[in-house]
Amino acid sequence: MLKARWYKVINDLFGNKTRTLLIVLSMSVGLFALGIILSARTILSEGLAESFAAINPSSGTMRTAELFDENFLESVRSMEDVQDADARRQISARVQTTLGEWKNITIFVVADYDDIRVNKVSSQSGAWPPPEREILIERAALSVIDAQIGDVLLVRFPNDVERRVRIAGSAYDPAQLPAQLDGTPYGYITFDTLEWFGEPYGFNELHVLATNPKDKFWAQQVVNRVKDKTEKSGYTIPLSMTAEPGQLPMNDVLQGILLLMGLLGVLSLFLSIFLVINTVSALLTQQKRQIGVMKAVGGSTLQILGMYLVMVLAYGALALLIAIPLGVVGARELSSALAVFFNFDIYSTEIQSQTFIIQVAIGLILPVLASLIPFISSLRMSAAEAMSVYNTSKGRFGKNWIDQLISGANLWFMRNLSIRSILLSVRNTFRNKGRLTLTLITLTLGSATFISVFNVRASLSSTVEDMIKWFNCDVMLTLDRTYRADKVQHEAMNVPGVTQTDVWIQMPTRLVRSDDSESGMIYMFAPTIHAESLIVSPTIAEGRWLEPDDDNAAVVPSAFLQDEPELHLGGEMVLKIDGKERTFKIVGTYVGMAFLPLVYTNYEYITQVTNRVGEADALMVKMDRHDPAYVDVTTRALEDHFERMGVRVSMVSTINNERTEAEASFDAIVALLLVMAILLALVGGLGLMGTMSINVLERTREIGVLRAIGASNRSVALVFIREGIVIGLMSWLMGALVAIPMSQGLNQALGQAVMGVPLTYSYSMPGLWLWLVVVICLSVLASFIPARTASRLTVREVLAYE
Amino acid sequence: MNSSTANPLIELRAVVKVYNSLAGSVTALNEINLKIAQGEFLVVTGRSGSGKTTLVNVITGLDRATSGEIWIDGAPLHRFGSEKAAKLRGKTMGVVFQSFELLPTLTVLQNVMLPMDFARRFSAWEQRKRALNLLEQVDIAEHAKKLPAALSGGQQQRLAIARAMANDPAILVADEPTGSLDSATATAVIDIFEGLVQQGRTVFMVTHDKDIAKRGSRTITLSDGEIVQAKENIHA
Ligand SMILES: Nc1ncnc2c1ncn2[C@@H]1O[C@H](COP(=O)(O)OP(=O)(O)O)[C@@H](O)[C@H]1O
Ligand SMILES: [Mg+2]
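Heads up: the sequence lines are chains A and B, in that order. Residue numbers for the first sequence follow our numbering, beginning at 1065 and rising by one. Residue numbers for the second sequence follow our numbering, beginning at 12 and rising by one.
Source of the hints: derived by calculation from the structure; they are not laboratory data. Some hints could be false.
What the hints assert, rightly or not - Below, simulated DSBU-like cross-link-like pairs (lysine-lysine); rule was C-alpha separation at most 35 Å, straight line:
#, chain 1, residue 1, chain 2, residue 2
1, A, 1296, A, 1644
2, B, 157, A, 1497
3, A, 1081, B, 156
4, B, 140, A, 1067
5, B, 140, A, 1081
6, A, 1352, B, 140
7, B, 242, A, 1352
8, A, 1533, A, 1296
9, A, 1081, B, 98
10, B, 156, B, 140
11, A, 1067, B, 225
12, B, 156, A, 1640
Said to hold, decoys possible - Over 10 Å on every C-beta distance to chain A, these chain B residues come out as not near it, computed from the model:
#, residue
13, 38
14, 71
15, 163
16, 244
Unchecked claim - Okay, the calculated beta carbon distance ranges per label pair:
#, chain 1, residue 1, chain 2, residue 2, range
17, A, 1777, B, 77, 46 to 52 Å
18, B, 134, A, 1390, 41 to 47 Å
19, A, 1501, B, 31, 52 to 58 Å
20, B, 153, A, 1769, 36 to 42 Å
21, B, 244, A, 1433, 33 to 39 Å
22, B, 244, A, 1437, 50 to 56 Å
Values in this document were obtained by computation on a predicted structure and should not be read as measured data. Where a beta carbon is used, it is the ideal one built from N, C-alpha and C, also for glycine.
Required output: the full structure, derived from the provided sequences and hints.
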């Protein structure tokens, strides 16, 4: 048989279901968030690592201008320190989507789809390997071209051969950047199909795996040696890439997202601790008299403390019962959503027992620790004090400046309004300052996070806008080789709608370090710099942008200086161009994506030193109208015109597309953050509901008085609802302020992860107003239930209370 | 019986209690000297605000006196912290309040068992047996499984008395136990107290009802924190 005191604990737990539910929910929200994040982190990290290991990732990939054959591949395979190598054909083609729009598409041709040794591509669904005259599309790319397996696509190769190909299936190629992120879909065909497109046999892409791929430096050296051999064998390498060893392309971004979610998880855990303190102190206020009685009948502090701690433990245990299974489901859903977004496979969704242990420990220990604070102060009270009808000094209204300020004397300007009852609500709000403070902290953090997430969204947009602003044009065309700049520009101007053009030249280089080691591929862009340049300065982090009379000046991404400690602003760097080393002076750094380093130099200088004066391989075009439809039509006309003039366009990117693609890729991140923000808002709302219920309980007598003097149900309820709104509005105001540093922090973290520099800060007014609406609704909702309870209390019940 | 018996069960020496609050300080007890012998039925009367409840609080250790000495059965209660006081109360004193102060979420039976549980006096089965026995003594045994809210005022107060007797204390302290009851019910409650005195227990009861006061063996009257009158009642 149980001892009498445990019956009290049990009856208190299950007797007041609303209170139990409120406390348990508040706790479980925090524990749920914690569980999701801990589990999602492990599921995703392991999935990422396993997906990566499964494809036998290359240490580096390089492309050649000329085609090579199996013999050359064999010679690379037999090189010392090369563990394995594989070759493909890569073609930048154009595809017409089912909606009739033309897009870039990258097509890979593999000799034997069942024997891919490095950067393995595998079958996702449908046919495998690709049937003749049909194509497989990378699984993440299907949505980019709005296509399904079975659809027929019109594909145009750079040689102008257009063919209709059926999508026979989908492939899975995690080594590529997920298609939706850069907007370029990937397709896979056989060499037979390639022949049908009128293209000769041969490879132009070499994937190399070094003997010790984990050693980043070693792998780089091996790749460079293969590169030298390739060049010595007479191939030119316009482009090569070196992957980060042991990582998929999106690893950094994913890690950044996980970090942010971790931060938000910790935050929501903090909020639930505040809630626990708040609800437990409310519980103790409610039971103040009973505690006094238990002391009066001989209960020691330790015994009584024991009872309440067991009660809190029970709340924690109930919260865990909700939070653990929901956390598991949530983590699995979240992981698979993220895995789809970043295009890798999750191999196991098993949750580590550690996660449960941490959740259980936090779910049981933290509430006990948190509730010790209110316990100690309530148990210190003498029994007589606890049962006394005399109010002790705490909670008295009228003494400090806040009270004075809102006491009415200073609100003369409101006197003519029927504002008295509102004033009553405002004054009530300030009665119990400790509880108000905790409620406000909780709600304010919730508000701030919500607003911050919108700010991050706005900041991402302005960052994209900032980057796009560099290009004061509507479309950029990349040509298949260099052409005479004046000819290309002249022909472009002949197309109606084109108002201005500009050229640049682009080429791959490598950084030569002082120890003669070489970096991976760095893309060099050399735009023309003059007063009417269509490329405006990118956002300069430090130093300055190029000037017309610069010669060997270079502007590099700021993240580049972090990766290459030898380099610094104002210093020199040696770049290898066309096999020759040339020295450049770093005059500035700019804000930009970290995964592909671009170095900007002056067109005049580069064309001179490379013997290409007057030549260009990229064209920027400005049109007389900038709406997407018009730009698309004009671009089409431009492409057709160039085709007739024998200028081959290998890639087209309109600024409008770039913008939507960039924003689309951020939207997923924002959606995730938003989910977390909603969770936090929920915690805040629960906190407010708790506070309002306590307020109603504490003021039962007062409600009795209000009823005795004839207050209607409605006006009693309104007193509390108004009070809830007052608290909500205060938290909105404070949240709006706290959101400023908070969004700066988030911008910093997310920006560092995605592009190596903080995002361009922007405060979202729509977010602010949206949250105002949400917070008012939340406040009304949170105080409605307690207010209804209050309005239903009859005079008899009020008098029977205590 | 006489208050000057050699070894008083309760003795107060120059007990002072001052309340400090925002409104100023109030001397609720002013140099109270009082001896209560075992088996006495002491009744304290006085107007509202005269210090009766304060006296109950310091005698039971529910509150600390500002100065003075309080001896309970030879133990120096004035030196005890709240923990030791609670223990002493559990062992030697039962307290009854005007507004019953029952625990609303415990059944009638569990309310009586709670003090025994806190005192760790009896096994769970014995606790139950004793509690039922006590409920029978106060005539509410048939309500054992109900919650206190289901009882009438008189029944609630009888339950409170049964709870006060749970640990078989030598002293029963009651603060206006009949204050919330009608006179017929009140008389029944006082009958119970008389019965307890006859069993040899000491009862310390506060009331401001003149008729009820007469039923004690001795009456003292408080005014502004001082004992202004003491008289022995000779019963027929
Ligand atoms: N907790 C307290 N704080 C301040 N003053 C108190 C407190 N308790 C009692 N008093 C004051 O002490 C005096 C005695 O009160 P009390 O002992 O309750 O009287 P009684 O029980 O005889 O009505 C009164 O003047 C009362 O105002
Ligand atoms: Mg009193």
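**Q.** Holds or violated: residue 1352(A) to residue 140(B), with C-alpha atoms at most 35 Å apart
**A.** Distance ~30 Å between residue 1352(A) and residue 140(B) Cα, so the pair holds.
Q: Please test the hint of 52 to 58 Å on the beta carbon pair from residue 1501(A) and residue 31(B).
A: Given about 26 Å between the Cβ atoms, the range is violated.
Q.
Checking one constraint from the list: CA of residue 140(B) to CA of residue 1067(A), max 35 Å. Satisfied?
A. holds, 14 Å
Q.
Need the status of pair residue 156(B), residue 140(B): alpha-carbon distance at most 35 Å?
A. Satisfied, since the Cα-Cα distance of roughly 14 Å is no more than 35 Å.
Q.
Would the non-interface assignment of residue 163(B) survive a Cβ cutoff of 10 Å against chain A?
A. Answer for residue 163(B): holds, closest chain A Cβ roughly 13 Å.
Q: Sort out whether residue 225(B) lies within 35 Å of residue 1067(A), counting only the CA atoms.
A: It is violated: about 41 Å lies between the C-alpha atoms, which goes past 35 Å.
Q) Within 35 Å, alpha carbon to alpha carbon, are residue 140(B) and residue 1081(A)? A) Holds, at about 32 Å.
(Q) Hinted pair, alpha-carbon criterion (35 Å max): residue 157(B), residue 1497(A). Please report holds or violated. (A) violated, 39 Å
**Q.** 35 Å Cα cutoff - pair residue 242(B), residue 1352(A)
**A.** violated, 38 Å
(Q) If I claimed the Cβ atoms of residue 134(B) and residue 1390(A) lie 41 to 47 Å apart, would that claim hold in this structure? (A) holds, 43 Å
Q: Could you tell me whether the CB distance from residue 153(B) to residue 1769(A) stays inside 36 to 42 Å?
A: Distance hint for residue 153(B), residue 1769(A) holds at roughly 38 Å.
Q: Would you check the hint for residue 1533(A) and residue 1296(A), treating anything up to 35 Å between C-alpha atoms as holding?
A: Violated, at roughly 41 Å.
Hint compliance for this structure: hints 2, 7, 8, 11, 12, 14, 19 and 21 are not met, and every other hint is.
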